[in-house]
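Numbering-wise (the numbering used here), the sequence shown opens with residue 70 and increments by one.
Hint data in this document are derived by calculation from the structure and do not stem from the laboratory. For each residue, glycine too, the CB sits at the ideal point set by N, CA and C. Just so you know, not all the hints are guaranteed correct.
[Stated by the list, open to error] Here are the computed lysine to any residue pairs in the SDA-like style, where the Cα-Cα straight-line distance is at most 20 angstroms:
1) Lys111 x Ala81
2) Lys111 x Pro97
3) Lys179 x Ala141
4) Lys179 x Gly223
5) Lys179 x Pro122
6) Lys111 x Arg136
7) Lys179 x Thr236
8) Lys179 x Pro206
9) Lys111 x Ala141
10) Lys111 x Gly166
11) Lys111 x Val80
12) Lys179 x Asp225
13) Lys179 x Arg136
14) Lys111 x Gly142
[To be verified] Taking CB as the label site, the calculated pair distances span:
15) Glu100 x Gly223: 39 to 47 angstroms
16) Pro97 x Leu238: 33 to 41 angstroms
17) Pro194 x Leu132: 29 to 37 angstroms
18) Pro206 x Arg129: 45 to 53 angstroms
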Amino acid sequence: SAALMDGETVVARRFVVMARGHAEALLPMVETVVAEAGVAYKDLDLIATTVGPGTFIGLRIGLAAARGLCVAGDLPVVGVTTLETLAHGVDHDIRHGHSVVAALDARRGKIYIQAFDEQLVPLAPPLAQPAETADLPAGPLVIVGSGAALVRAGLDRDNGDIFVDETQLPDAAVVAALAGRR
């Protein structure tokens, strides 16, 4: 995904779910977003990107593109974790009264995981650990990300206090908003 923001307002955004071809699609997507916003690269204040955890190739593509844009435009870069991005992508109404757990499938039964309170303040640092031993906050939970089902499967709680969304993906608009606040 790619997004351009002016303050807290998304001016232009593209979000495409892809299994392959990210390297070829990312910079043309950025070009489209910049053109739709009607700005020039020289008008940008900063570039933001996720810094992991995630797939090795995916991270390299995003970081290399961000680095190239920063060097070419003499712009600062701000990194945001993928887990933080997922947590901040949860709608306020859904997370109300719930802790938020962002989890990514790290394969082979492991997950990358981080828990946040209802206001999205981190409760612990990001961790890589086996899904079945995930250390989770008590109380109602919202679990998001590609590892959400793995975390849910290891829980011994009633379904009524847990909302699971394993389809939520990191969104560049969320990354941009977090980076802008920093």
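Hint-by-hint comparison with the structure:
1. Lys111 x Ala81: Judged against 20 angstroms, a Cα distance of about 17 angstroms means the pair holds.
2. Lys111 x Pro97: Since the Cα atoms of Lys111 and Pro97 sit roughly 17 angstroms apart, the hinted pair holds (cutoff 20 angstroms).
3. Lys179 x Ala141: violated, 38 angstroms
4. Lys179 x Gly223: holds, 12 angstroms
5. Lys179 x Pro122: holds, 12 angstroms
6. Lys111 x Arg136: Between Lys111 and Arg136 the Cα gap is close to 15 angstroms, so the pair holds against 20 angstroms.
7. Lys179 x Thr236: Measuring from Cα to Cα gives roughly 18 angstroms; hence the hint holds.
8. Lys179 x Pro206: holds, 19 angstroms
9. Lys111 x Ala141: Measuring from Cα to Cα gives roughly 10 angstroms; hence the hint holds.
10. Lys111 x Gly166: Violated, at roughly 43 angstroms.
11. Lys111 x Val80: The hint holds at about 16 angstroms.
12. Lys179 x Asp225: Given pair Lys179, Asp225 holds - Cα atoms ~18 angstroms apart, limit 20 angstroms.
13. Lys179 x Arg136: violated, 30 angstroms
14. Lys111 x Gly142: Within the cut-off at roughly 6 angstroms; holds.
15. Glu100 x Gly223: 39 to 47 angstroms: Between Glu100 and Gly223, where Cβ atoms are some 43 angstroms apart, the hint holds.
16. Pro97 x Leu238: 33 to 41 angstroms: violated, 19 angstroms
17. Pro194 x Leu132: 29 to 37 angstroms: With Cβ atoms ~21 angstroms apart, the hint is violated.
18. Pro206 x Arg129: 45 to 53 angstroms: violated, 33 angstroms
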